[in-house]
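Residue numbers (numbering that gives the first Met the number 0), protein chains in the order written: chain Z, 0 to 157; chain S, 0 to 147.
What the hints contain is simulated information worked out from the structure, not anything from laboratory work. Computed from a predicted structure; not experimentally measured.
Examples of chain S residues toward chain Z, derived with CB under 10 Å:
1. Ala70
2. Val89
3. Asn127
Every residue, glycine too, gets a C-beta built ideally from N, C-alpha and C.
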Amino acid sequence: MVLTEQDYQLIAEIQGGLPLSSHPYAEVGARIGLDEGEVIERIGLMQESGVIKRMGLVVRHHELGYKANAMVVWDVPDNELDAVGEALGEEPCITLCYQRPRRLPEWPYNLFTMIHGKERKRVLDTIESLSQLPEMEGISYKVLFSGRRFKQRGARYQ
Amino acid sequence: MNDLEKRLLNEYQKGFPLTPSPYADIATKLGTSEALVLQILSRLQELGVISRIGPVFKPKRVGVSTLVAMAVPEEQLEAVAEQINNYTEVNHNYEREDRYNLWFVVTASDKTHLQTVLAEMEHQTGYNLLNLPLEKQFHIDLGFPLWC
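Please model the complete structure; the sequences and the hints are all you need to start from.
Below, the structure written as structure tokens:
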């Protein structure tokens with residue numbers, strides 16, 4: 000889908016969140032000269048074409064009691080990356096699974112996963128069992144628990 | 000949290016209704032009133048449990064972004080984190096337990112602007128950064144199951 004100038008205006012209006020009112024789409028549309036039906040149609044098209052991955056409540060794990068949040072990075076041989084990425088991506092408690100570039104010599108890890116949990120011990124147990132998957136044999140990894148949160152908000156595109 | 004709040008959080012991280020009165024439609028599904036749904040959502044936003052109700056964009060479709068890591072001496076960490084936070088292009092910024100202890104996401108409208116911001120950050124803080132853009136996504140973000 001090719002985004003129009005008006006789509007970008009719409010994105011700018013909704014990226015910070017929909018208003019909490021009876022007719023949120025009408026309210027958003029009124030600010031940029033679209034009617035309710037047009038707003039719903041354009042958002043629907045953005046969802047169908049994959050520009051928008053999901054629409055809904057964006058929760059903050061930390062405030063929900065999920066305070067043990069680990070980024071686990073794996074050093075996966077390039078020819079095994081797809082198999083490993085797909086295997087890990089299917090694990091229910093992994094919320095993100097991305098390939099990113101190695102930056103040698105400091106950073107040999109090329110697969111990034113996020114695991115959220117309420118207790119550190121349980122997260123470590125989950126990671127330990129993931130590392131026992133047949134696809135993971137011989138793959139080294141590192142666990143980086145999160146500490147202080149200095150900033151968190153949705154991306155803003157200007 | 001009560002059952003209604005839990006159901007809202009579990010069932011509406013995706014599939015938020017694209018209908019004229021979405022909150023009323025959610026209320027009907029959950030067997031309650033629109034007023035109560037709005038009241039709960041507003042409270043959860045105030046508490047910070049919900050950061051917003053809206054779209055999550057697919058990376059790389061609108062603008063460009065990258066994950067950045069920095070190794071900062073512990074006693075400098077807060078000051079550097081603050082310098083990084085001052086960039087409007089930064090939307091997440093966390094401490095992590097590693098030599099690379101500062102992790103943040105930088106988002107910009109195009110590549111050139113992104114590179115400019117990264118170079119400026121290195122110059123301003125005096126620390127090198129690891130630029131780790133997304134290359135491939137293996138898991139679609141459908142929200143977070145609260146039973147993990």
